[in-house]
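Enquirer: In case you want the letters, here they are:
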Amino acid sequence: MTQWEVVIGIETHAQLATRSKIFSGASTAFGAAPNTQACAVDLALPGVLPVLNKGAVDCAIRFGLAIGARVAEKSVFARKNYFYPDLPKGYQISQFELPVVVGGAVTIPVGQGDKAYEKVVRLTRAHLEEDAGKSLHEDFHGKSGIDLNRAGTPLLEIVSEPEMRSSDEAVAYAKALHALVRWIGICDGNMQEGSFRCDANVSVRPKGQAEFGTRREIKNLNSFRFLKEAIDFEVQWQINEIEEGRKIQQATVLFDPDSGETRMMRTKEDAHDYRYFPDPDLLPLVIGADWIARVQGELPELPGQKRERFMADLGLSAYDATTLTANQESADYFEAVVAVAGKANAKPCANWVMVDLAARLNKEGKELAESPVSAAQLGGLILRIADNTISNAIAKKVFEALWSAEGASADEIIEKQGLKQITDSGAIEALVDEILAANAANVAEFKAGKEKAFNALVGQVMKAAKGKANPQQVNELLRRKLQG
Amino acid sequence: MIEKSLKELAQALAGKRISSLELTDLYLERIARLNPDINAFITVDPEKSRAAARAADARLAAGQGGPLTGIPVAQKDIFCAEGWLTTCGSKMLGNFVSPYDATVIRKLEQEAGLVSLGKTNMDEFAMGSSNETSYFGPVKNPWDRSRVPGGSSGGSAAAVAARLAPVATGTDTGGSIRQPAALCNLTGLKPTYGVVSRYGMIAFASSLDQGGPMARSAEDCALLLNAMAGFDAQDSTSLDRPAEDYAADLEKPLDGLRLGLPKEFFGEGCDPAVMAAVRAAIAEYEKLGAKTVEVSLPNSHLSVPAYYVIAPAEASSNLSRFDGVRYGYRAPDYGSLDDMYCKTRAQGFGAEVKRRILIGAYVLSHGYYDAYYLQAQRIRRLIADDFAAAFKHCDVILGPTSPSPAFKLGERAADPVQMYLSDIYTIAVNLAGLPGMSIPCGFAAGLPVGLQLIGDYFAEGRLLNVAHRYQQATEWHRRAPEGLA
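Chains A and B are the protein sequences, given in the same order.
The opening position of the first sequence corresponds to residue 6 in the working numbering, with each subsequent residue numbered one higher.
The opening position of the second sequence corresponds to residue 817 in the working numbering, with each subsequent residue numbered one higher.
Careful: at least some of the hints might be erroneous.
Said to hold, decoys possible - Straight-line alpha carbon distances no greater than 20 Å define the calculated DMTMM-like cross-link-like pairs of lysine to aspartate or glutamate that follow:
1) A/Lys311 with A/Glu123
2) A/Lys148 with B/Glu838
3) A/Lys148 with B/Asp1154
By construction, these hints were calculated from the structure, which means they are not laboratory data.
Work out the full structure, taking the sequences as your base and the hints as a guide.
Expert: Here it is in structure tokens:
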């Protein structure tokens, strides 16, 4: 049976967080009454002209710098011509042959646990363009309404190379990009409001084949779940088609979240000829070294830089560093934990954030920002593990107590619930003696060479200590006494 | 009064010998009487004009007037003017009352205090050389009412020639100020691309369109240009340069002026009577101290074909906004959305506009773009290079504006190529973005002949000077058509 390889490229539209539109002075705020944020330029009245918003260019430069791309010294705005009621000019101003950002890459963490790996996805380009308005097909007695508030909102269209090989990789890429645009403050990332939406180009080919299969483009996926479901469905559909002897036709499809299926919108034959040409109303966009330097100076520490620092300064593994810098919230949270627990404890800090906390949040369906356990509380808890005040097992109890707000800090909970580890060797020795005396059978088994009996004895001691005895000390004392 | 220069009118207003309201009424009366035949205006709104005149009088009385405050002007109907019907000569905008002012309108009305008399007729969306493509009917040439006034600023030209306005605004994409100026015995100037703001000027071909003044003399053109020109942040192609007084050098003597005569403008294809008038003008310039140099514009024969790729390409996109969705004409009966688009545009646009939209869509389409659009852009570069080379040897280039005087109404309407060749001498100037003028230089069988002057970038002042000195030595520009008292 043929082994199939999936090939995915993603185009993302990120709405840029500028106050005014890309070619007019109208506001970009979301949610205003229809057509109250559309000025003469947005309405495409006769005679009006576009003037480029430099703030949108700042955003594009930020993005270019953040992904290590080339910011083009000269890029050109072009007109993409087509008729639609929510496109007031009859053309969209976009960039075609000469985009503002060329190349670059993002590093993405894929999967979890043992199967986790990281991957570098290269980008083709990113270009500036204006958004269209919205057609409203309800409540107009059989007619359509048009809201042009969104018309002219600046977009950065980010195009990846077709380098993703599974829906998991596609989602990981989309998540990384989503985190990055929010990190550098160029997009609010609100997917429900359409601020960040993806189109996925999907094809399949027999494993080992060099050339790509024919792709179909799934349009306008506005959640990570839909992205995954749409790709999974599409891949299976394409494989079935080919295996049943049919050819894939290049096409644009839509995903229906209710049925979980993709359905055809148009084929390549009836695709538009957009008649692109340079917009004569706008001069070429020239970005000099000083402009780039100014934007560079305003950038926060970037995920890539943070990742390197986590590895070099804190000794984290590449995977841990990538995962923690996957978004600003987790990076900030982690750094706040380390600030309390100390750099020496960076590794356990990473584990607690990535494993214990992540699992607990996941179980409750909560985001990191909603975590009941603050970074300072978690840092305090890790400090107590590090200084042997509590064992790892007890620490999980304390964590649960913090989660349910049984105390303001790990110290308070340890104190109040008497969870402090017993490290007094005299006290532990008394317990050990007691257990050895009461469990002669186990002692005999151990002496007969049954290592399992030793574990049973440890368990008895810990039980007698209500879990608070230092496990290492219990081990050492038991072994010394049994062998001595 | 109707033969007075702008300077004389300004003096009369300043000396209170006449008020702006009286002057405005004088022109409104002439328009009411003569326009029904000439058809130079699409819209007049006497109350609006009179209100503006009263405001100008108040400004003058308060001592806050500028050099043109209170002087009436006719506005080409391509400029959006708040509260005015702004049609661009098209059924498509037959019901469009602009909610905003073009920068040119704002500068003329609000800053300079001129009084708009009305909106002048024009070829539909400025596409034409005879004013016959207007939805509002052809304009008659005041010199011979069986002939065209030229186009596309034919209404503005006829209005000034018939003394229905002292000056007018025009726009020039391939000769639309200069050719009608030539055919109506006027002085018209197309400035360097970027000198006059295009904001609010309904776009035909964005990279070629440029507004400018139309008047009876170079001096009047200079004064009107002073009020029209200037950087505008709302037009990204506007040039940010210090303000200039275009009248400052009008009187400069022409001694040593090097006049370039492109051999391509003096060959075949030009009416001999036109050529004779142009030759006589050259002789006059020599008397004024100029000397002539032969220059060459070897690619000028490519200017018409290159223009009829670039201009329609841009127009096909610029006119997409006229879709019946938000304003303007919408077909009364339609089925689907596509049907609404098709019927609206089929009914709303005239034949010439549709022809150019089709040409434009074709040359931009996949598989043809390189062969047509890119090739035309390369030719455009060559043409600009030709001018740059020529200006190494001369100060001003001179030749005929139009290969023939005014032609009969209907004579070329059926033959687009014949019509396109009306602009054979003017189009290269737009492709290069240079300033160009047309000034009266004689008559051919009783019809005015225009002399074209072409300058290097930003040489408007020099062109106006060269035109003005000629007009001081000649009387052609003072002649008025008969029967329009």
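Enquirer: Against each hint, give a clear statement of whether it holds in the structure.
Expert: These are the hints, each one checked on the structure:
Distance hint between A/Lys311 and A/Glu123 is fulfilled; the C-alpha atoms sit about 16 Å from each other, no more than 20 Å. For the hint pairing A/Lys148 with B/Glu838, the CA-to-CA distance comes to about 52 Å; that exceeds 20 Å, so the pair is violated. A distance of roughly 14 Å separates the Cα atoms of A/Lys148 and B/Asp1154; the hinted pair therefore holds under the 20 Å criterion.
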